[in-house]
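Peer 1: Below are the chains, spelled out letter by letter.
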Amino acid sequence: MHNKITNWTASDDAMVENAIRRGATRRELLSMMLAGGVAMSAGGMILGRASDAIAATPKSGGNLKAAGWSSSTADTLDPAKASLSTDYVRCCALYNRLTFLDQAGIAQMELAEKIESADAKTWTVKLRSGVTFHDGKSLTSTDVVFSLKRHLDPAVGSKVNAIAKQITDVKAVDPTTVEIVLANPNADLPTILSQHHFMIVQDGTTDFSKGIGTGAFKLETFEPGVKSIFAKNPNYFKSGGAHVDSFEFFAISDDNARVNALLSGDIHLAASIKPRSMRLVESQPGFVLSKTTSGNYTDLNIRLDMTPGDKADFITGMKYITNREQIQKSVLRGLAEVANDQPISPASVYHNAELKPKAFDPEKAKFHFEKAGVLGQKIPIITSDAATSAVEMATIVQQSAAEIGMNLDVQRVPNDGYWSNYWLKAPIHFGNINPRPTPDILFSLLYASNAPWNESQYKSEKFDSMLVEARGLLDEAKRKEIYGQMQVMVAEEAGTIIPVYISNVDAITEKLKGLEANPLGGMMGYAFAEYVWIDA
Amino acid sequence: MRTFVLNLIAHRLLIAGLTLLIVSFAVFFATAMLPGDTATILLGQAATPEAVAGLRAAMHLDEPAVFRFFRWLAGLAQGDLGTSYVNNVAVADLIGGRFVNTMRLAGITTLIAVPVALTLGITAAMFRGSLYDRIVTILTIGVISVPEFMIATSAVLVFSVYLKWLPALSFANEVTSFWQVLKVYAMPVITLAFVVSAQMIRMTRAAVIDTINTPYVEAALLKGASRPRAVLYHALPNAVGPIANAIALSLSYLVGGVIIVETIFNYPGVAKLMVDGVSTRDLPLIQSCAIIFCIGYLALITLADIVAILANPRLR
Amino acid sequence: MTLSTPFSSKVSYSFSWVGMVGLAIIVFWAVIALAAPHIIPYPIGEIVDEDYFGPMSSKLLLGSDYLGRDMLSRLMMGARYTVGISLAAVCIACFTGTALGMAAAVIGGWFDTILSRFLDALNSIPSKLSGLVVAAAIGSSINVLIVMLAVIYTPGAYRFARALAVNVNTMDYITVARTRGESILYIIFSEILPNIIGPLLADFGIRFVFITLLLSGLSFLGLGVQPPYADWGALVHENISGLPFGAPAVIVPSLAIASLTISVNLLIDNLPKKIRDRSA
Amino acid sequence: MENLVEIRGLKVEATTDSGRRLDIIKGVDLDIAPGEIVALIGESGSGKTTIALTLMGYTRTGCRISGGSIHVAGKDMVTLSERQRAMIRGREISYVPQSAAAAFNPTKRIIDQVVEVTHIHKLLPPAEARQKAISLFKALSLPNPEQIGDRYPHQVSGGQLQRLAAAMALISDPKLVIFDEPTTALDVTTQIEVLRAFKSVMKKSGIAGVYVSHDLAVVAQIADRILVLRNGEVQEVGSTETILNNAKHPYTRELLSAFEPKPRGDNLGAVSQAQPLLEIDALTAGYGPIQEDGLPLVRAVQEASITVQKGRNLGIIGESGCGKSTLARSIAGILPASSGKLTLDGQQLAPSARQRSHEQLRELQIVFQHADTSLNPAKSIEDILGRPLTFYHGMKGSQRSARIDQLLDMVQLPKALRSRTPAELSGGQKQRVNFARALAAEPKIILCDEITSALDTVVAAAVIDLLKELQRELALSYIFISHDLSVVEAICDEIVVMYRGQKVEQITPAISKIPQHPYSQLLFSSVPKLDPNWLDSLERDPELVKAYGQA
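Protein chains in written order, with our numbering: chain A, 32 to 567; chain B, 60 to 375; chain C, 3 to 282; chain D, 4 to 554.
Don't read these hints as lab results, they were simulated from the structure. For glycine and all other residues, C-beta sits at the position ideal for the given N, C-alpha and C. Where hints are given, some of them may not hold.
Computed beta-carbon distance windows for the label pairs [claimed, not checked]:
1. A:Ser480 - B:Ala117: 29 to 35 Å
2. A:Lys456 - C:Met22: 32 to 38 Å
3. D:Arg256 - B:Leu369: 53 to 59 Å
4. C:Ala165 - D:Tyr290: 20 to 26 Å
5. C:Asp271 - B:Pro174: 21 to 27 Å
Sequences are here, hints too, so could you generate the full structure?
Peer 2: Okay, here's the thing in structure tokens:
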């Protein structure tokens, strides 16, 4: 069960979204922003057919059908509230952002023509002209102001309220120009604006069930928890628009059922399948796997402010007893890269390759457990299928620990309510973090002393000041060095064990063309509908 | 005599009403006990204490549970199922279409499963002790001992993935013709029919055997009636009561127990809706779904009682 | 048709071979369940196979599961949970339901009405969904599972026992006991119970099957036994991806469930009969 | 004259629980001439019904015909296929069951069941079949012959139902009708009407009959020939005349002697100063919701006042529905009386048994009609008898065991029975255990509710003798409730006649007080006598029958 119900982690999937597009303009300003992006991933590729896809000519027509893995009555078309992968897919079909991230992780212009700032504090956004909403109304600066200001209103309940707070003022200068003022300089603003939540909606919208946006598809049917049907938007501002005539999207929460639906030809794409289903897909002619290596990871969090996490030796012991190779090989069937307990994956240019993963060493682990005086005690670990592969990881750690006489009591709790009731709260629990476009966002969200999701309650003044320092730095090498040091600090000091970076695997029919690697998320960063075509 | 029967039926309805009241009470307080504060969950990371307090007041969460219960009950009585906490849509709208789906699936399954189960149960009773009877008995136990997700998954693999005869999903394909209805509903219906038939077969067989051993069936045989006639014409009408009860109990499963089938075939029914409700702590939705299941159950049971009353001339 | 012929004093038992086969299978699983921790070839959490859904081999007699763990070990340990939880739950459900059902039949009146309404109400909530709500409310441990399953199946046992007891309650020997001045408890346990124990056992069997199945259904919904342990239903579910390959990991636990439930019912349908050898 | 039925060496075997086979019919020969009525008589279990059913080629579950031949109208029922037998059943041979109430399907209208035979065998078109049924209803003197068939079985009385069952059997103009104790379940006043109806129809149409019964007096009225059966073997065959007057076989004599007038143990003189033991004063009891006057809707017993003297026995007689059983239940406190007073040995009794003291409950015991339902089938005789000993007298261990032996001895049962369960006893043995349980309480008075009606004549007589003997030894009093006058006469000092909930008359046979009330007269005159001409010569006042008869 891969139901990510009320999964706040997933709610930030949007932040890492990028898109691949023909003919996008590049601005000098953006080259400066490269620092905030993520490098082209070596892992991201479409198995066996990447070159074909690039070479092929898109075909028009057909009805695209795809299935995600989670959906509920909480499904929404309000980008500010989007929290599930299915929400992002729908929003990507209906709306556009000011910027988007390309496959190299570089922010590109979408609804904005250019975004400029002299001091990285006051920003001027020049909007593309001739963009119309589905209802015929033209896009103006008031729409942008409305869309951005919504995130600051607590009544809206925006998922990115914490990030949006740095925006102190948004105003329309003229119908195509918007001015954004930040509390402090932040060179990453264009990257931040590429997150799904910052999609542009029409001024004054309160009822989002109509899904009026500027996107490549118009909404036809939207049944929360059931399905959505979209029709190609003939007036899309990008030349050509979508290739398919219509797009139907829904969720099949059962992994097997999702794979079977694909194999039986009912759908073109089954998102995020479990490693154990790969063999079936591979054995069937006409189907392929699309693998995306990104910064997604499931981590074991040991709170430093609670027993037994308050004993540093316990944490060290846990790090040694975690058999990362076995998790990578058996749990994830190779669809993962061994990690070194810090959140910046090799897909990022800021990844510190010097920092080696701790080798599996039961003897050292035993030594540290003994030193912490916990050997033989019954230590509860909360896990749930809500976090990808967390249950399997827990059993592997449990088994290794059992062999040195360490009694880890794995308690699986239901998916439902996991994120609100256990995550961040239990002394030892699992989390699942989706990729973020910049180390700044990752560290701010997860490791700064005041981070909202400080999973292990890691607090370090030195770390906090380094974070602020790096954020303002324009010297790329210096910035990389600081981020490198911060990675070491997290790996050594924080209570989060990140055993592997997990690849996302989408299974698709060979008829579906144009789906390309995206280093930051499956389904082309959830925006695939606009780019793929069906080769009948 | 007529008024007597009407009184009996009125009594049954009264009992059903009373049960429903108890159920609504139980449902309300059971769901109210779910951990996790609704307001906090709804507000998510924007959950400042003031916002939480405000939302709680707006949703009447700050009132004692008893008040909320009566407020809810009064709403129910007026047909107002409340508003979903999660997306501010009237619960009735959320349930509406799903309810039709659930009823359609249940209805089609009933049309298939009941005649098959009755035929098997009655014939097994008719030829009690024969090889046929033994096979039916063993098969029914065999079938109910296979988890339904196993039946469903195997069916999908065979008929959708390998043979490609039937779609793997039940709603993904637009249904326009009768033929398509057959194709789309075939697998969920067969899976469910497997699950609900076994008990019906067992109970029908037992009920008919009970009446076969009566003097009036013997008398019919001694009139020269064939065995099928003795069973169908004489034994069966007297077994209507217990059979109706068994059918009602089995069919009640089709209203709320089909969550696994709904999940595997991605069929948008009420059971899945309720699971959604549990995940999102959408209390009005959970409560309404639970009440719908209870009404379904009580309606079936009461209907079975009434059928039993009407089938018995001594009460008529 | 009774014939009064001279009584033979010898008492014998007849036990059909079908019942014996059922008993043998149950005993087999019970022994496995008891001995499992001592006889499993590998720790059940240990990954022993680089591959997954491995076939049967001399090293792994029943192949490996989706993580490459030994299926034989997992199946043996699973017996503990399937047999143990189901049995405990069915015992509690049948005992409570039967006791209440008999009491309702004997006491009658308001006690009967209120209890019947209450349990009917309980019965009207679909079992898997109430399981989900309970698990969401108080989490799922083995004890919670047992109590939950028991509560879900008590109303059915109650209904059944009550219907039987109501019939027996009209018998003259109950009236005799009442006019003798016997207590309710005596009437319930000494006069009624022995006369309905047969059908109750048959009900017990079918309820056992339902509980086993509900347990597997709950594992589908993510509730159930804590890892690395798993009941058979959970084993089927976690390995169901192996179904297309006919992996033993999914076939074997399915067969195990079927063998247990079928044999319980075979045994109960063919319990040893005490035979006093008399005519007709 | 060619025989209609020729049975030669018939053997029927039954399979026991343990799979052992044994013969229950051990080589029976039987001939029936056309138009002749032959009675099969014997106690329950003698095989009389089994033989009768084999005439239709039918055996009940677990039995099968294992030998011999059964020729009916030239066809051997043994060798025919099931389909061929079905062709004959209902058409050439038909069956009138013991309890028509049970043999009618409760969910079908009577007429549909009566004409079903003609439908099955395609004998008549439906309309004609209906007409024929109605003419049969007339011939069987059923009231409202046109409409009665449109009712459901529960809407007509037992006597009517029994005649309707006969109509069902006769509608196909069969060659042979099997009557299986067709009047046993009826009241005596009703029985006469039914017997008369049967007899006249049979004689008129010249149909042969097999009449199965345990009641010699009834058989004497209708049969040409009698076959006495015991343990699946023919004991004696002869014309009715011969059997009644010149019986050779000891068992037949025993049967006959049960009808002889019993010598009365005259204990009247011994208890000359009559002391009231149980006083029933203006007792009213019934069922249904309580009305404004504080009495129930249906008053089964109204204002009955009866006194039982110490050491003497009171009989309560009346036909079904007269309220005699309700009276017994009220006295025992099972059905609390709505009004009236009960006094036992000077102490007033509470209406409900629950409110009575332990001692009071012990002193008044009740024995029910059906030993089958009165004895818990799951318990051994030892447990059944031991419980009141422990409960009332606190006995345990060897003391209790010794007392159980004593009790078994008292009711003349072998000690070996103590480990058996009721199902392993015969009807008479069960009734003795039932009685012994009441004795175990050491009561002052025992209420006997129809305790002999379910027993065969010979067995019933033995039980009555036992009761008398015990009374002499234990200084007991009985209240003996029955519909059978001969039984009550045999044991009671005084007889109360009840009719429709009311005490009609109290008579004392010992001092030749003869019934005065017209109902009592009707009742007393309806008891069949061993005289074959009794039925034909019996003259009853049609007005009386109309006023009190229930048929």
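Peer 1: Does each hint fit the structure? Answer for all of them.
Peer 2: Consistency of the hints with the structure:
1. A:Ser480 - B:Ala117: 29 to 35 Å: holds (34 Å)
2. A:Lys456 - C:Met22: 32 to 38 Å: violated (54 Å)
3. D:Arg256 - B:Leu369: 53 to 59 Å: 56 Å Cβ-Cβ, so the 53 to 59 Å window holds.
4. C:Ala165 - D:Tyr290: 20 to 26 Å: holds (23 Å)
5. C:Asp271 - B:Pro174: 21 to 27 Å: holds (26 Å)
Comparing the model with each numbered hint stated earlier shows that hint 2 is the single one that does not hold.
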